[in-house]
Each structure stands twice: as C-alpha cells, then as structure tokens.
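Spelled out from the first residue to the last, the chains are:
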Amino acid sequence: EAQVTQNPRYLITVTGKKLTVTCSQNMNHEYMSWYRQDPGLGLRQIYYSMNVEVTDKGDVPEGYKVSRKEKRNFPLILESPSPNQTSLYFCASSGNSNQPQHFGDGTRLSIL
Amino acid sequence: SQQGEEDPQALSIQEGENATMNCSYKTSINNLQWYRQNSGRGLVHLILIRSNEREKHSGRLRVTLDTSKKSSSLLITASRAADTASYFCATDDQAGTALIFGKGTTLSVSS
Chain A
1 EAQVTQNPRY LITVTGKKLT VTCSQNMNHE YMSWYRQDPG LGLRQIYYSM
51 NVEVTDKGDV PEGYKVSRKE KRNFPLILES PSPNQTSLYF CASSGNSNQP
101 QHFGDGTRLS IL
Chain B
1 SQQGEEDPQA LSIQEGENAT MNCSYKTSIN NLQWYRQNSG RGLVHLILIR
51 SNEREKHSGR LRVTLDTSKK SSSLLITASR AADTASYFCA TDDQAGTALI
101 FGKGTTLSVS S
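If you read the protein sequences in the order shown, they are chains A and B. Numbering follows the working numbering, in which position 9 of the first sequence is assigned residue number 9; successive positions increment by one, without gaps. Numbering follows the working numbering, in which position 111 of the second sequence is assigned residue number 111; successive positions increment by one, without gaps.
Next up, chain B with everything else stripped away, as it sits in the complex (with noise of 0.2 Å):
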C-alpha cells in the first residue's frame, strides 16, 4: 500500500540552486519523515516532522508539512554536488506498524 507519492519523479539543478522536493499522502498521519539514499545504497534519516508541527529545519534542509493538504515539501538550499541522490518521504500506516515509502525523487546537482 503506497502511501507518500514524491514529485517530480526526477529533478536537475546547478550547484548553488535549491531544490524543492514534495510529498503527498492520503491519510492521517501521526508524523512524516524524509530519508536519502545515495545509488545502490541504504536509505539514511533527514528528518522527522509530526503531525502538530507545521515547519522544521536541520543544516541547509526546511520540511513543511500540510495536514489539511495532506501534503509536504522538502527544500534543500544552496545544493551541493554531494546532495545528489534520491529523496524518499515515508508516513506511518493507519496500524502504526509501519513506515510506508514513497517512490521518491531523485536529484541531480552538478557543477
């Protein structure tokens, strides 16, 4: 059962630009997370925003999270050749046994 769906699919930016990456999901959540994951290997932890909050930061990386919209964005300011990777939301499921993945998107920064 998918959840979170990532858009857009793909994304290509300069060094320097920020990139906006969003989430949408279709039920209730208790919180959102955002996760990377450089080619071929394990997905790594960004940050984790719950259902009350509406905006948080870490570093050079802004989630919002939209609860009427049922909906997120992850910004990544002044991008880096090392932020290219994919980008993966995940929520809780209604059960509250699992973390449910989108398909994510994947950046590309070059320089």
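For reference, chain A alone in the conformation it holds in the complex (with noise of 0.2 Å):
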C-alpha cells in the first residue's frame, strides 16, 4: 500500500529536549516536504527536498533541520523545541513539487 508514515504521532515534550520526527514514503517519490498546521494560520511548509541531499528551506524554517540521505527518508529535526513549535506536522511526498502530494497521518507535538 501507498503511503507516507510518521512518527511519533503525538509527543509532549520540554522545552531545549532535542527531538526528531521521522517521516517514511514507500511510492519512490523524488519530492518530500515537511508542513505545520496551525489554528487560523493553514498549512505552512517548513523545509522541502527535491532529492536526495537536495533540501531547501520553505516559509517557516526557523529552528527546523532536516537531512535527506535516503530518497525514501526525510526527517525534521528540532534542536531546541521551544513552547511556539508546538503544532500538528505533516510530512508529504510526491514525484515532483506540482504533483500530487501524499499526506502522512500527522505529529502532534507539544512543547512545554
């Protein structure tokens, strides 16, 4: 079955707690793109790859990292999560930007 796959799908954590969401596709797409969902805000892209070690940075990158070693993996990284991270991510993929993308399932993370 087509997907993407994120994990974890809800995490609290603390403030300065290095932490890193994991995000999976199996359909050999070239295109990975991380997204925050906020209240009255819609969706915002984080960091997007069009390859592998091709990242670049989208509307919102401050205080993410992401690496892109793997074609199949595109992790987002918070190295010092503060309280204004917390939000529902998604990771998406597709074969390129203007094409359909895949959605995961979504992180809820709340930083304390």
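Keep in mind the hints are simulated off the structure, nothing from the lab. Quick reminder that beta carbons are idealized off the backbone N, C-alpha and C, glycines included. Please note that the accuracy of each hint is not assured.
Residues from chain A that keep clear of chain B, each with C-beta distances beyond 10 Å, as calculated [said to hold, decoys possible]:
no.	residue
1	Asn28
2	Val52
3	Asp56
4	Gly63
5	Leu78
6	Ser80
7	Ser82
Lysine-lysine pairs mimicking DSS-like chemistry, simulated, CA-CA at most 27 Å apart [claimed, not checked]:
no.	chain 1	residue 1	chain 2	residue 2
8	A	Lys57	B	Lys26
9	B	Lys70	B	Lys26
10	A	Lys69	A	Lys18
11	A	Lys17	A	Lys69
12	B	Lys103	A	Lys57
13	A	Lys65	B	Lys103
14	B	Lys70	B	Lys103
15	A	Lys18	A	Lys65
16	A	Lys57	A	Lys18
Could you use the hints to bring the two separately framed chains together as a complex?
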C-alpha cells in the first residue's frame, strides 16, 4: 500500500530537548516536504527536498533542520524545541512539487 | 507566502444539498489542486486541474478554473454527512518548488 509514515504520532516534551520526527515513503517519490498546521494560519511549508541531498527552506524554517540521505526518508529535527513550535506537523511526498502530494497522518507536538 | 484563499471559511448544509467552495489566488499557476482533510488527519488529494483546463469532474466533485479571474470553485453535489471535512486549494509557487495552501473551508453536512 502506498503510504507516508510519520513517527511519533503524538509527543509531549519540554523546551530544549532535541527531538526528531521521522517520515518515510514507499512510493519512490523524489519530492518530500514538511508542513506545520496551526489554527487560523493553515498549512505552512517548513522545508522541502527535491531529491536526495537536495533540501531547501520553505516559508517557516526557523528552529528546524532536515536531512535527505536516502530517497525514502526525510526526518524533521528540532534541535532546541520551544513552545511556539507546538503544532500539528505533516510530511508529504510526490513525484515532483506540482504533482498531487501524499500526506502522512500527522504528528501532534506539544512543547512545554 | 499565502497564494490561495478559500471562501467561505465555514459552510453548513443539509444532506442532499450541494456545497460550493471558492478559491482565489494571486499569481499565474501551472495547476490548482483541491485537498480534503478530516479532523486532525492528513490531507487527501481530490482533484488537480491544469491551467489550460476550465472544468473537471470526479464522481460528485466538479472543479472549475478561471485563470482570467484567478479563481477556482469546488462543487460537491448531493452532499453526505461523510463529506464533513475541511477543504483546501493549493497552487504551485512561481519557482515550481512548492505547493502553497490556502487556509481552507470547513464544511459541515448534517443529516
């Protein structure tokens, strides 16, 4: 089954404690992207990757890092999380940036 | 950078009625997509319409695109309670590197 898998689905943690949200896709997609969704603000892109070892900033990259060492994986790293990063996060993948994107089920992060 | 803006923000209808949602955008596009999101879940792609197309159908969904007005509409016919969700339009950015999502229309269909 074609899918995008995110882990964890839920996480409550404290300010400053490094965390990683994993994202994996099994569709051999070149394009992957991370979004955060906040009430009243819609989906905003954090980072994207056009292919392995090619990543770039989206609209709201501050406080986040990503890597793309393999085609299937695109982890999101919060080196020093802060409360303003409390949000619902989505990973998505597609053949390229203009094609329909497949979304994961989301990761709800709470930073206390 | 927000490209698409949906209207209305919220819509409540009865089962069997049609639901129409609109999307306006600012710059030229290659295509426009509509997505659906059930509460707290990931977005699901519904339909893609290219800039040279004016109308597209998929089941009970009908999408129109007017590039001269920079607007699109999504019509859901004979709505069902299961159609209750948020609906987003998304357009490609000018650099061709990202999809830009609107803030969505929340549709409630009551039985």
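* Taking the numbered hints from earlier one at a time, note which ones the structure violates and give those numbers from smallest to largest. => Checked against the structure, the only hint that fails is number 3, while the rest are satisfied.
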